Amino acid sequence: MDLRFSAQDEDFRRELRAWLDANLPAEMREPAFWAGKGSDESFELRREWEARKAAAGFAGIQWPTEYGGRGGTPTMKAIYDEEMARAAAPSTVNPLGLAFLAPTVMAIGTDAQKRDIIRPLLHCETIWCQGFSEPGAGSDLAAISMRAEPQGEEYLLNGQKIWTTNALHGDKIFTMARTGTPDGGKRHAGISMLLVDMHQLGVEARPLKQMTGASEFGEVFFTDATCPKTDVLGGEGNGWATAMLLLSFERGSSAIAQYTEFRRMWDEVVGVAARMDRDGRPAVEDPVLRQELAAALIELECLKYHSWHVLTQTSNGRDLGFEASMTKIMWSETFRRVSDVYEKVVGTAFAVPKPRPDLSLEELTTTAMWSRSCTIWGGSQQVQRTVVAERVLGLPR
Amino acid sequence: MQFQLTDEQRALQDAVRSYLRDRFGPAQVRELYENPGGDGVPAPLWKALGEQGWLAVLVPEEHDGVGLGLLDAAVLAREFGAGTVPGPWLGTVLVAEAVRLAGSPEQQAELLPGLAAGRTKGAVALLRPGSSPSPAAAPATASAGTLSGRLDLVEYPAVADVLVVAAGSDAGTGLYLVDPRGTGVTVTSVDSLDRTVRLGTVTLDGAPAGRLGHSGAATVQELLDRAAVLVANDLVGIARKALTDTVDYDRTRVQFGKPVGSFQAVQHALADLHIAITFAEHAATYAAHAADVDAPDRRLAASVAKAKAADAADAATSAMIQFHGGIGYTWEHHTHFSFKRCKRLQAAYGDAAQHREQIARLTVDAAAVAT
Ligand SMILES: Cc1cc2nc3c(=O)[nH]c(=O)nc-3n(C[C@H](O)[C@H](O)[C@H](O)COP(=O)(O)OP(=O)(O)OC[C@H]3O[C@@H](n4cnc5c(N)ncnc54)[C@H](O)[C@@H]3O)c2cc1C
Numbered sequence: 086m087d088l089r090f091s092a093q094d095e096d097f098r099r100e101l102r103a104w105l106d107a108n109l110p111a112e113m114r115e116p117a118f119w120a121g122k123g124s125d126e127s128f129e130l131r132r133e134w135e136a137r138k139a140a141a142g143f144a145g146i147q148w149p150t151e152y153g154g155r156g157g158t159p160t161m162k163a164i165y166d167e168e169m170a171r172a173a174a175p176s177t178v179n180p181l182g183l184a185f186l187a188p189t190v191m192a193i194g195t196d197a198q199k200r201d202i203i204r205p206l207l208h209c210e211t212i213w214c215q216g217f218s219e220p221g222a223g224s225d226l227a228a229i230s231m232r233a234e235p236q237g238e239e240y241l242l243n244g245q246k247i248w249t250t251n252a253l254h255g256d257k258i259f260t261m262a263r264t265g266t267p268d269g270g271k272r273h274a275g276i277s278m279l280l281v282d283m284h285q286l287g288v289e290a291r292p293l294k295q296m297t298g299a300s301e302f303g304e305v306f307f308t309d310a311t312c313p314k315t316d317v318l319g320g321e322g323n324g325w326a327t328a329m330l331l332l333s334f335e336r337g338s339s340a341i342a343q344y345t346e347f348r349r350m351w352d353e354v355v356g357v358a359a360r361m362d363r364d365g366r367p368a369v370e371d372p373v374l375r376q377e378l379a380a381a382l383i384e385l386e387c388l389k390y391h392s393w394h395v396l397t398q399t400s401n402g403r404d405l406g407f408e409a410s411m412t413k414i415m416w417s418e419t420f421r422r423v424s425d426v427y428e429k430v431v432g433t434a435f436a437v438p439k440p441r442p443d444l445s446l447e448e449l450t451t452t453a454m455w456s457r458s459c460t461i462w463g464g465s466q467q468v469q470r471t472v473v474a475e476r477v478l479g480l481p482r
Numbered sequence: 003m004q005f006q007l008t009d010e011q012r013a014l015q016d017a018v019r020s021y022l023r024d025r026f027g028p029a030q031v032r033e034l035y036e037n038p039g040g041d042g043v044p045a046p047l048w049k050a051l052g053e054q055g056w057l058a059v060l061v062p063e064e065h066d067g068v069g070l071g072l073l074d075a076a077v078l079a080r081e082f083g084a085g086t087v088p089g090p091w092l093g094t095v096l097v098a099e100a101v102r103l104a105g106s107p108e109q110q111a112e113l114l115p116g117l118a119a120g121r122t123k124g125a126v127a128l129l130r131p132g133s134s135p136s137p138a139a140a141p142a143t144a145s146a147g148t149l150s151g152r153l154d155l156v157e158y159p160a161v162a163d164v165l166v167v168a169a170g171s172d173a174g175t176g177l178y179l180v181d182p183r184g185t186g187v188t189v190t191s192v193d194s195l196d197r198t199v200r201l202g203t204v205t206l207d208g209a210p211a212g213r214l215g216h217s218g219a220a221t222v223q224e225l226l227d228r229a230a231v232l233v234a235n236d237l238v239g240i241a242r243k244a245l246t247d248t249v250d251y252d253r254t255r256v257q258f259g260k261p262v263g264s265f266q267a268v269q270h271a272l273a274d275l276h277i278a279i280t281f282a283e284h285a286a287t288y289a290a291h292a293a294d295v296d297a298p299d300r301r302l303a304a305s306v307a308k309a310k311a312a313d314a315a316d317a318a319t320s321a322m323i324q325f326h327g328g329i330g331y332t333w334e335h336h337t338h339f340s341f342k343r344c345k346r347l348q349a350a351y352g353d354a355a356q357h358r359e360q361i362a363r364l365t366v367d368a369a370a371v372a373t
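Chains as they are written, first to last, in this note's numbering: chain A, 86 to 482; chain B, 3 to 373.
The set of hints was computed from the structure by calculation and includes no laboratory data. As the structure is a computational prediction, the values presented were derived from the model and not from experiment. Ideal Cβ placement from N, Cα and C applies to all residues, glycine included. Among the clues, some could well be false.
[Unchecked claim] Here are some chain B residues pointing at chain A (derived, C-beta under 7 Å):
#1 M3
#2 R25
#3 V43
#4 A45
#5 W48
#6 V256
#7 Q257
#8 G263
#9 Y288
#10 V306
#11 A349
#12 Q356
#13 I361
#14 L364
#15 A370
Just chain A, same shape as in the assembly (with noise of 0.2 Å):
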């Protein structure tokens, strides 16, 4: 057992965290900054953001350099969510691209798809989206039923997606659809995963409001919508193996920045307790909520050491599996453990976003909020469950 990081680990966090000095404002850190922006103005700022970083070297820690990433290791990369997460750094506008679709086009691209889709990516110039799920096809994800018809040199979409985050302000969908015809029993047959272009005339993406009242996901309908049969990633009619493979790169390592940002919840909340009044008490007295808040924060110090069990596993180079579905339970139930508090702090306030002049209550209750839909995104809790027992715990199928 050894906890401490190299030198050169310690070099890079250092030098990240003069970086952040600089060149995070002070004001981007405060919730309050954030409240005050439309939607489309705070998109902006953060792709602004985002692509500072890039040009600085700040992106794509775990990338090849032949990427432009920095070739780093996955200890830099955890280190790098950590600060980002201290110092409480924009989130990604780029997620889904980032995370999932750079390294599947890394993989399994063609030449011309990494030239064109990677740097861009990384600089942000190109924001993607997921268009997987469908009105009839969630959790179930082989039920798609949008209709990509091969015709001359291009494809010809037809079909509708739904939950589709950044659907409003995505540049290019990666998305699943059916090219060969349903073949009966084969469900998993005939789908390809298709590059395609949203500014075009036959996609329109719609919002769809969210219970936080933002609207950061979306509806997009293709209707005779093209795309070029070379933007196919990775063979036509393999679009199921595509897709579990862009799905593997499952981000169990930034368990230690949800841990920094669940924890820093946990802080404002334990603030919070001590100024709500219960029973005429401190409400950070009442005997049961310190219960909760205790256990709340045992979940939470958990994480962080299950961060770096991690962290242990991916830097000696192994492969974390079936395992990362434990790790999106325990973050996303932490989360929703951390909420679950605060709901119990606040009580009767939690209908009200500034109970007092002298206290606001918007950002705390709009995250416990999120953290509704966090056990949903990404394969519901109980999808994943069933892959922990059956490929973790080997129960039959």
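Once you have looked at the hints, place chain B with the ligand on chain A.
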């Protein structure tokens, strides 16, 4: 950074595992269950603990020990929990820790070699059962070189050669050495639901006692924390074994024409357990390491580990019975060995609620003051 056991620690783990697999299994545990009148210390097992250095693990080399750390002891505790291992290992190791942490050079030279070799068996009484683990809950009072008080639920007092007792006095709380067979000491055995342990009440009535070096409240707390960490690791061993056995059983038990382990209600419950136990394993491992390197958060880590392990083992042993169905409720099946050991240990050295309150004192109160 490497958050994992070293190769040496894994070798130690393998050695205990294979010893238990070959020499001490459910049949030997059952003997203890069918013979509650015995001393509860299988002689070959105790001999092996001494010979293999598993009692000497924390004793410094200059006193004939192996000189390893709490994480190495935790590796042993975890395997002993998984194997429902009986005997005064914990008491002996804790007495040695007390002597190592606070004993005078003379006390160390006199006691440690015997404890390390297994010639001397140890027992401890550090707090009143049911109390939060704190020096304020010392079970005895000290006065003029003697101790008085009633020590309940002491492990193996009848076979112990040396007893370490936390006692309060005008000069504060400290640790004392008592001869369990000396004057003013009465040992009464009591039945234990968990028959892998022998429990008793020790009544001290002006029993002669020597203070352990310069021990004070801080040493008592340190020992309580270390005890909690070792028990947390035992609980983690119990929990992991309970889950593994349940998965094995449900993989092959067929109902409705399918293995019951293929039903989602079973799968999801066991997946949740696996996650809770994995968290508890990380926490129990870190807490032991934190004690070894004197990390600033080591008290917090001990409480996190004890609370998480107690809850995980509680859930795992309950699920073990449930997901074995009727067979899980029979005396003949081994589910109740782990269940009863878990019940005993989940409350020992502070239960989950007490440790959560401790965590709240260490963190919530500090954070609330800061805002
Ligand atoms: C904030 C957010 C962002 C998203 N972004 C994207 C995106 O960018 N691109 C994209 O393609 N999709 C996106 N999604 C969609 C997401 O992947 C799906 O919502 C998710 O896969 C669940 O599908 P569903 O909503 O159709 O629920 P359903 O599949 O209808 O399931 C409903 C509920 O039933 C339960 N359930 C379903 N199947 C099973 C089963 N086999 N066993 C046990 N229980 C089951 C689960 O509890 C599930 O939550 C996003 C979703 C959210 C909430």
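Status of each hint after checking the structure:
With 7 Å as the threshold, the beta carbon of M3/B comes within range of chain A, its nearest partner Cβ sitting at about 5 Å, so the hint holds. At a threshold of 7 Å, the smallest CB-CB gap from R25/B to chain A is about 28 Å, leaving the interface hint violated. The beta carbon of V43/B is not positioned within 7 Å of any beta carbon in chain A (closest approach about 32 Å), and the interface hint is therefore violated. At a threshold of 7 Å, the smallest CB-CB gap from A45/B to chain A is about 35 Å, leaving the interface hint violated.
Interface hint at W48/B: violated, since its Cβ lies 29 Å from the closest Cβ of chain A, which is beyond the 7 Å cut-off. The restraint placing V256/B at the interface with chain A is violated, with a minimum CB-CB distance near 10 Å, outside the 7 Å limit. Given the 7 Å rule on beta carbons, the hint for Q257/B is violated: about 12 Å separates it from the nearest Cβ of chain A. Checking G263/B against chain A: minimum C-beta separation of about 4 Å stays under 7 Å; hint holds.
With a cut of 7 Å, the hint placing Y288/B at the interface with chain A holds, because the nearest CB-to-CB distance is about 5 Å. Because the beta carbon of V306/B sits about 5 Å from the nearest beta carbon in chain A, less than 7 Å, this interface hint is met. Because the smallest distance between the Cβ of A349/B and any Cβ of chain A comes to about 16 Å, over 7 Å, the interface hint for this residue is violated. Nearest Cβ of chain A to the Cβ of Q356/B: about 10 Å, over the 7 Å cut. The hint is violated.
For the restraint placing I361/B at the interface with chain A, the shortest Cβ-Cβ distance is roughly 4 Å, inside the 7 Å limit, so the hint holds. Hint status for L364/B relative to chain A: violated, with the closest Cβ pair at about 9 Å, above 7 Å. Residue-level restraint check for A370/B holds (minimum Cβ-Cβ distance to chain A is 4 Å; threshold 7 Å).
In summary, the structure is inconsistent with hints 2, 3, 4, 5, 6, 7, 11, 12 and 14 from the numbered list given earlier, while agreeing with the others.
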